[in-house]
Amino acid sequence: MPHIVTDKCQRCRFTDCVTTCPVACFHGDAEMVYIDNVQCVDCGACVPACPVHAIYEQSDLPADKADWLTINAQRAPLLPVIADKQVPLPSAEARKRELGY
Amino acid sequence: MNSVTDAAGLGSNGNPLHVAIVGSGPSGFYAAEALFKSPISVRVDMIERLPIPFGLVRYGVAPDHPKLKQPTLVFDKIAQSPGFTFLGNVAVGRDISLQQLQTTHHAVLFACGAESDRRLGLPNEDLPGSHTATEFVGWYNGHPDYCNRSFDLTSEVAVIIGQGNVAIDVARILCKPVDELRSTDIAEHALDALAGSRVREIHIVGRRGPAQTSFTFKELRELGEIPGCLSRVFPDDLQLHPACLEELEEKRNFNAAKNVEIFQRWAMQDDAAAGKRIRFHFLQSPVAITGAHRLEQLTLERNILMGPAFEQVAKGTGATLELRCGLLFRSIGYRGLPLPGVPFDQGRGVFPNNAGRIGDVPGLYAAGWIKRGPSGIIGTNRADAVATVQSLLADLPRLDSRRKSGTAGLYAALAGSDSQVVSYTDWRRIDAEEQRRGIASGKPREKITRVSDMLALAASPVQQSSTGASS
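Just so you know, the protein sequences line up as chains A and B, in that order. Heads up: the first sequence begins at 1 in the numbering used here, then just goes up one per residue. Heads up: the second sequence begins at 1001 in the numbering used here, then just goes up one per residue.
Only chain B is shown next, with the shape it has when bound in the complex:
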């Protein structure tokens, strides 16, 4: 099948372009959408290592931000496109090799995100009580990889290292009255644990100043709206020097200016009587994590900013501050994981690429966080995926133009593995069951958190006719 050369050009009805998309989060779905919008004949096989789709929309977006999960409705429509097939519970490198994918498909597009964390590089980073934000976010969102983690919420003081939106999500989930989370799709185990939480003081620490945080201003503002919780900034930290003021005057940098306005409001607050407190620390870098058997203390070193506007870097001053704490979350960025056969940038944790093209021979592409690193929000990945698909379509004359076996070839290759392939129709069944389980507790869904339970549901006899995408 692979070797037949046909006069019908690649992308014609007789010789459709077969693309394997690895990953089923936003960048994967938006890449599929862009491919289906193209004028050529396209088949897309979306390969996901978990049994179920939607990546960080399901497992990254906080449960109390339900509107931000609405892109799943768009993804569901994309999944209805003729020529779309979802293959869940299939991991590239475990169940199928990249080489096999390259024989069944004309192009492989990686949209597999950034699944590991950047480390602080300090001794004791893995002491009990010290965690990654990823673990915590995955835990409260019911991610199968993290649902068995436990977090000791008996300590009153927690520290979050990092000043991006993930740090805010972690702080908000820790501070929000638990009753406000009950009607969300937060995992049941997290709700139970948070109900008994004694955390009442959260320190959010960043190495640079208030003018350089990565928070989106509306996410930051939301921290100030949590009942019974006050956010505070030390007024001294808001003394901005000329390079910072120059940055804030740049019109395109308005988000940073909005953040500083919010911090200025918070500098005035007296949080002594608040039930829960969030305190921002700027110009501090963690230099030591200490504790006999578990985390007891974090040492921070004071920084100063050096360099011209927009190129300022933090340099340590030697002055230190000690912070007693029982919980530590690091949230200083994500890294992609390497995959055999694909070039990998160890420094940035991405697949090195040129406008989405990986390597010199056309056929491998990247979109989303594995392409550009962990920046932006869901919609950012739509523009990013569209750009990658433009590169792919421009390469059409240089791709192997022989007919490929696509979905059928993929299933044939997978027949030899132990993996139970989950189709989109199977996902619909899991989705319906999650929603059914949520009704009793007044939640939009109760997420199924174990892969084995997902697979059992996927394999269960079909109760009613399922509509929808090809499988």
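Just chain A, same shape as in the assembly:
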């Protein structure tokens, strides 16, 4: 089942997830990263890597985040691959606290 990055990544963009992806299937814009679910091998290595648990397996996706399945599928192929850790957004630590992590 595909893995999905949700809006919890917005204003964080920690990108720890991308360092654990064995097949480099993360893509990103300035706001957040997305998973290309055609490339994703569903290993789940990225899920515990995210400091704010922004990534969910489809079966585990909260109902209010269901839209992100389609958004990931549509956005990822249009954006460049992000395979290496990047500097988080300046708002990341504040956002992390706001999300309760």
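Possibly wrong hints are sitting among the right ones.
Straight-line distance between alpha carbons at most 20 Å, and here's what the computed SDA-like set of lysine to any residue pairs gives [said to hold, decoys possible]: (1) B:Lys1251 / A:Pro62; (2) B:Lys1067 / A:Gln58; (3) B:Lys1218 / B:Leu1153; (4) B:Lys1258 / A:Gln39; (5) B:Lys1077 / A:Gln39.
Keep in mind the hints are simulated off the structure, nothing from the lab.
Please arrange chain B on chain A, whose structure you already have, making use of the hints.
Below, chain B without anything else, positioned relative to chain A:
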């Protein structure tokens, strides 16, 4: 060649950094990838003791998880990088010494994994019928070291000690209808044996509680989806005390909370009518293995958890439980093997290191399981290998900056050994033959399981032009 000092700095085109990577599993390939991504000029020689690459992706990932083997496509791309050479069937300590590698290369990076098992430390641990999970996994995955093992699958009851993903793989392969394995790359000998298996009851035993298992929740969940098989947890085992509840409330510990949710669903199940049953036992430690000539019984001691949340340890209560069984697999962790000339932590079974650096003199590095112990999954080793390569590159000014002979020097040193070096192009030929053999039986490949057969294929005349990596 080694003694020439050059004004051209180490890592320049005139004096490329030569790195020998020992091991060709995930951490080895991801270390190679990270080296090639660096801005300096790098040559990588990947040395593998088996004739063929990919380590635990080939021999650890279960055959019914084909998607998890897709990283081999990434490894194949890394192997195309200019400056990459694969040398299979070469064992450090057998065909070449570490000292020799240190004369031909600026740095040696160990990514050789954890090849032996942690033992229970009980008498009779090696009775017939008592095995390591490694042997069983290696056997069904066609590993040359284990393909000749045999497992008596005539017993109805099997016990697996350990509560990590390997325990789940073993249970799943034992419980899955064999027809669901026929279209996988499982070894033919394993398929034949599993088709005649009478195992129908599997006990998975852990020393701590349901809130402390190491299963990945999606792997655990998959056990509940096997046709004709029911998983069950004893409701009493799910009585969680305050320290466990505190652990489960921690947001970052969501995997454990998901596992407990799954166990709670399974506590309700009536498995009396199921064809096959998996039963989880928590807070139990094996204390005795008994049998006259072969395994007959396992004795478990009931534990309680003591200590604060996240630091709870299991302590025996003296109360015991006896479990009649004909098969036992221990899956309580792996240990690396020591290598002459490299410091070794006997307790943890790893090469002691600081951010991947081994010892005080720059030049020796570790990545993956030999660096941090057996934890995480394939992707975890990518982050780990990248971190080690960062340490290595930071050490560049402190490495021996003389030009090194690299691949040529390595081949020259190996010319004196009996070992037939297998190149990546040779591997391509073995790979193509495995895939060809799989077609007839509807499998993605039929693995060649004997080193001698691999070497014969590698040495066979090239039928068609092979593309790809340097050799």
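Do the hints match the structure? See the list:
Only pairs whose Cα atoms come within 20 Å are accepted, and Lys1251 of chain B paired with Pro62 of chain A is accepted, the gap being roughly 15 Å. About 16 Å separates the Cα atoms of Lys1067 of chain B and Gln58 of chain A, which keeps this hinted pair within 20 Å; it holds. Between the alpha carbons of Lys1218 of chain B and Leu1153 of chain B the distance comes to roughly 27 Å, so the proposed pair goes past 20 Å and is violated. At roughly 25 Å between alpha-carbon atoms, Lys1258 of chain B and Gln39 of chain A are farther apart than 20 Å, so this suggested pair is violated.
Under the criterion of a C-alpha separation no larger than 20 Å, the hint pairing Lys1077 of chain B with Gln39 of chain A is consistent with the structure, at around 15 Å.
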